[in-house]
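*Asks:* Could you build all of it, start to finish, from the sequences and the hints given here?
Protein chains: 2
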Amino acid sequence: MKVALAQINPTVGDLPYNEKLINNAIDRAKDAGAEVVVFPELAITGYPPKDLLMKPSFIADNLATLDRIAARTNGIEAVVGYAERNHHPVGRSLYNAAAVIRDGRVAQKHYKSLLPTYDVFDESRYFEPARDRNQLVELCHTPVGLSICEDLWNDERLIPRRLYHQNPIKELGAAGAKVMVNCSASPFVAGKQKFRIELFGAQAKDAGTPLIYVNQVGGNDELVFDGCSMVFGSGGELLAQAKAFEEDLLVVDLPPQQLKAGPHKPIGPIPPLLGDLESIYLALVLGLKDYVRKCGFKKIVLGLSGGIDSALVCALAVAAVGKENVTGVAMPSRYSSDHSVADAKALAENLGIAFHIVPIGPAHDCLEQTLQPIFAGRAPDLTEENMQARLRGNILMSFSNKFGSLLLTTGNKSEVAVGYCTLYGDMCGGLAVISDVPKTTVWALSRYINERAGRELIPVNSITKPPSAELRPGQVDQDSLPPYEVLDAILYQLIEEDRSVAEIVAQGFEPATVLRVTKLVDRSEYKRRQMAPGLKVTSRAFGVGRRVPIAQNYQQGLEQSSYT
Amino acid sequence: MKVALAQINPTVGDLPYNEKLINNAIDRAKDAGAEVVVFPELAITGYPPKDLLMKPSFIADNLATLDRIAARTNGIEAVVGYAERNHHPVGRSLYNAAAVIRDGRVAQKHYKSLLPTYDVFDESRYFEPARDRNQLVELCHTPVGLSICEDLWNDERLIPRRLYHQNPIKELGAAGAKVMVNCSASPFVAGKQKFRIELFGAQAKDAGTPLIYVNQVGGNDELVFDGCSMVFGSGGELLAQAKAFEEDLLVVDLPPQQLKAGPHKPIGPIPPLLGDLESIYLALVLGLKDYVRKCGFKKIVLGLSGGIDSALVCALAVAAVGKENVTGVAMPSRYSSDHSVADAKALAENLGIAFHIVPIGPAHDCLEQTLQPIFAGRAPDLTEENMQARLRGNILMSFSNKFGSLLLTTGNKSEVAVGYCTLYGDMCGGLAVISDVPKTTVWALSRYINERAGRELIPVNSITKPPSAELRPGQVDQDSLPPYEVLDAILYQLIEEDRSVAEIVAQGFEPATVLRVTKLVDRSEYKRRQMAPGLKVTSRAFGVGRRVPIAQNYQQGLEQSSYT
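Those sequence lines, one after another, are chains E and H. To get our numbering, take the position in the first sequence, counting from 1, and add 14. To get our numbering, take the position in the second sequence, counting from 1, and add 14.
Each hint should be verified, as a subset may be incorrect.
No copy is singled out in the list; a pair is fine if it fits within one copy or between any two copies.
[Unchecked claim] The list that follows gives simulated cross-link-like pairs (lysine-lysine, DSBU-like), each with its CA atoms no further than 30 angstroms apart:
| hint | residue 1 | residue 2 |
| --- | --- | --- |
| 1 | Lys541 | Lys416 |
| 2 | Lys34 | Lys312 |
| 3 | Lys312 | Lys541 |
| 4 | Lys541 | Lys123 |
| 5 | Lys541 | Lys303 |
| 6 | Lys541 | Lys313 |
No wet-lab data here; the hints were simulated from the structure.
*Replies:* Spelled out as C-alpha cells, the structure:
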C-alpha cells in the first residue's frame, strides 16, 4: 500500500485555488507511484471555513468542486475532505466529511463523529455528528478505518477530561480496520507535536494497525497549522513524518508486513522535534506570511519604537515577506529617549529595510492646542499619553492606506493582557503578530533570532534596556506593572490555566499583585475585543478561543470558595 | 397555584448583585402571597456568562450563592437558574441548571436538554445536555415539567429545520406534568415576541397544560433581553404578560380549573404587541443604558457630524442616561458644509446636551505637513479622507479619557456592512449602538423618535439631506454606494438570509450591483473584526453571531451552482 500524504496549504473559501492544489497533488502522487493520496480535513474549503458554511451556495460550490476533482482522478485513489449535506430532516444540515475517490467518481463518504466545540473550535455550530461511526472504507482493497481530526482525540489516558461518550477509533478497530487514516486540520500550539506523537502512537498501538495522519499546513487568520503529517506503525512507533510549517507530499510504502503488529523500522524521514522557540518562530513567520498573502497584500509597514516588541515583529516580517517588502517608521516625540531612534535605525539597517523618521511633535502640539480650550486647567494624565499613541496610529494607517501595505501591531501577550496599550494607538494594525507571546518569551525569541542568524539582527540594546512606552518623561513599564517574570507567571495561571486568585496566591505570589493583575485583565477586555486577530501559539490565546463578556463584574476575593 | 414571574436584570458575573436581586424578588413575591417564584435561566450568573464558566472558582462561587439563597428561603418555593457541575467523568463538566428551592434547601435540580449552538449562542461549548429529560419536579404539590429556554424551541411546525432529535416538552408532558415552567434568557430580535406567543401557545396547547415562561430583561454586551415573561393557558391562549424592556414581578393566580384544558380568561395584564420601530427603539435604549451602567460609566460622549446617524445615536443616548450625562462634539473640517455644524448644534439644543465645537483644520494641516516629505508628489486619495476621520477619533477618545465618559460609535449596519467607515476613525468607541440598524431603518427610527417626543428632537434637515461623509469636497454617499433602499434590500438577502449572488440577482437586482456589494461586504470583514460590540436587533447582527474568516477568498459568480 503506497500512500501519499498530501500536506497542502489551502486558502479558506478559495475553492478554485484549493481545487488546483488538490489536483496538482493527486498528479504528483500518481507520478510518484502512490496508490492512495490522502488530504487534510475540509481540504476543499480550507479550515476553518466558519460561517461560510452557512451559505448554501458555498456548500453547493464545494460539492461541485469535489465532483470535478473526482471526475479527473483515475489510476489512484484519493481521500479528500469536504462539507457534505445532511439530507435527514432533523439535525444540523451538514457533515464534516471525507470522500473516497476511485475511478473518476466518489466511491464512499465518511463523516466526522467528534465535533470539537471548545477553544477556537465551533464545529457543533455547523455539523451533525456521524451516525455510522463504525463504517469502514476500502483503500487498495484493504478495509480502512477513516476518521477526521478530533475523532483521534478521545483518549482517557492522556486527556484529563473525556468530552465524548464515543470512541470512533475503537469502533473502527472493532469493525476490522487494517489501517487507520485520519484527515486533520490541527492547529499549532507550542509543545503540541510531542503530545500528538504520544497520543496517536497510543491510538495506533491500541488498534493494532498502522495510522496515517494528514494535517493541513499554513496560516488562516489566528490559526497556524504546522503540518507534521505522520505515519505510525501498528506498535505505535513513528515511521515517517512530513515537514513542519511547509507544504509537503510525503510518499511512503506500507508493505503487507507493516500492517502486522510489532515494531517496525522507519519508512520515511523522521525530522527531530523542534524546540519551543524554533517552533514558535516558524509558526509566527508562517502565520504572518500567509495572512499577508491570503489577504492580498505584499507589503508590510510597522512602527519602530526602538523597543523589543516592534523589533521582534520587524524581524519576523522580514523573514515572512522579505526585506524589500517591509518599511519601518520611527515616530519620536518630545518624550523619546536618544536611544529610541538610534535603536530603531540600527534594527532597520541590520535587517536592510526601508526606514523613515516622522517626528510627531508638531502634530502633537497642534492637537494639544486644539483641545486646550476644553482641557484648560486640568492636569495632564493618561489622555495626553494616549493622544501620542493615537497620532502614531494615524500616521501608520496613512502609510498603510497610501502605499497599500498591511500595518502590523506589535503588542505582546503580557501588555495586551493587562491593557498596557492604547486602543486605536499602538493597537492599530491588521494582524497582532505577537499578541500570544508573553514578554519574557519576546526576549527569548529575540535572542533566538540573533543566534539563528549568527549575527545581531535585533539590536542587543533593544533586548537589554528596560522596557518603556515613552509617553511621559522617564516612564518605564515597571512603574505600572510588576516585573515581567512575575507578571507572566501570574498571567499564565490566570489565562491558560483558569486558576482563581486564591489558587495563585497559594503558589506564593503576593496577594495584592495577583488581585491587581486579575482586575487589570478583566478591565481591559474592551480593548481586546477591538484588537486585530492575533496568531495563536499557546493553549489559550486572546481572540476567538477566549470569549469573555465586557459588561461583567465577576470579582474574585482572596478566599477559596468552600465549593472548590 | 399562585406564581410570581421574577423578571430580573442581572449583571453577568456579578454574583453578589444578582444574589441581592434574587433575594429581593423572593421577599416581594412572598409579600404578594405567591407560593412559587420563578427566575430566568442562569439567574445567578446572568446570561450569557460565556467563558467565565470555564473558571472553576466562578462555578464554586455560583454554587455557594445558590446555597445562601436557598438557606434564607422559607414559606415560598423558588426556581432559580444556575450552573451545576457534572460529576460524571465523561462529557462537558457543567449543566445549565435550575434548582427548586423549598424549606431552606435545594430540593430538586433540573438540567437543560437542548443547547443552542448557533448565531450568538455557544452552549455546547460549556454544557452537557440533560440525561433525564422526562424527570418532573414538584411545585405547590403539583407535578411540574421544568425546562430551560431552548427546550421550548423545537417545534417542527414553526421552525424550518429541527436541529434537535429530542423534544423535552413532549417528554415532560408524557411523564404527567400538570404545568410547564420554563426559565429563559431569550434575547430581543425585532418581531420575535409575536413568534414566541405563537410558538409557546402551540407548545402549551400540545401539552394540554398551562405554561409559565420567565425571561431575563436587560442588556448584556451585544444582547438585549426584552423580558415579556408570559403565562399561557392549557388551550394555548396568552393569559398574562410582564412588562417589555423593564424589570417586573408579575404575580398570577393559576386556580385549579385553569389547569384543565379549554379556553380561559386572562389572569393578568396583556400589554399590546409593540410595533417594530418602538421595540427597536426600546431595545437600543435599554441596551445602551445597561452597557454604560454595567461597564461602570455614567457619562457619554459622541461626535456629532450633523448627519442622521450621530443624531439618532445622540437621541438614544439622552433617552438612556439623561441629557445631563451626554456631551456632543462637532469637529468641522475644511470640507464640512455650512449645515453640518448648524444641524449638530440644533440637535444639541433640541436635546439639551453639552456641546463643543473643535475644528480639526489646524491639526489636519499639521499632520499633512508631517507626512508631506513622504507623500510628496502623490495624488490625494482615501488616505487623506481617513486621516481626518482618525483625527476626530483621537479627539473624541481624548474627551473620553479626560472626562471618563464612554465614547459611542455611530455607524449604521449598511455602512458597516460595506466598509463605508474608517477603522480607528469614526469606528472609535466602546459600543456600536446602531451597527445592526440599516440606514433605511435609521431614517424611520429618527422620524419615530420625533413623533414619540411630539416635537423635533432630531433636526428634520438631518433626516432629509443627502447623506455625506464630508471627507472631500462635494462628497455624498451615493457617489460610492447604490441608493440605500437598494443597498439595504441586497444586504438583507446577503447577511440575514445567506442568499447567493445568483439568487439575489434572480429577485431583480442589477447583477453588477449585487456583485459589487457582495465583494464590499467580504472585503471589509477586517474592519468589522475590530469593531466595538454592537447591539443586536435583527436576526443576524455583525459580531459574535456572525463568524466569518478574514483571510479568505470565496468568490461568487453570477451562475447558480448546479448543486443548488
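*Asks:* Tell me the hint numbers this structure goes against, listed in increasing order.
*Replies:* Hint check: 4 fails alone, others pass.
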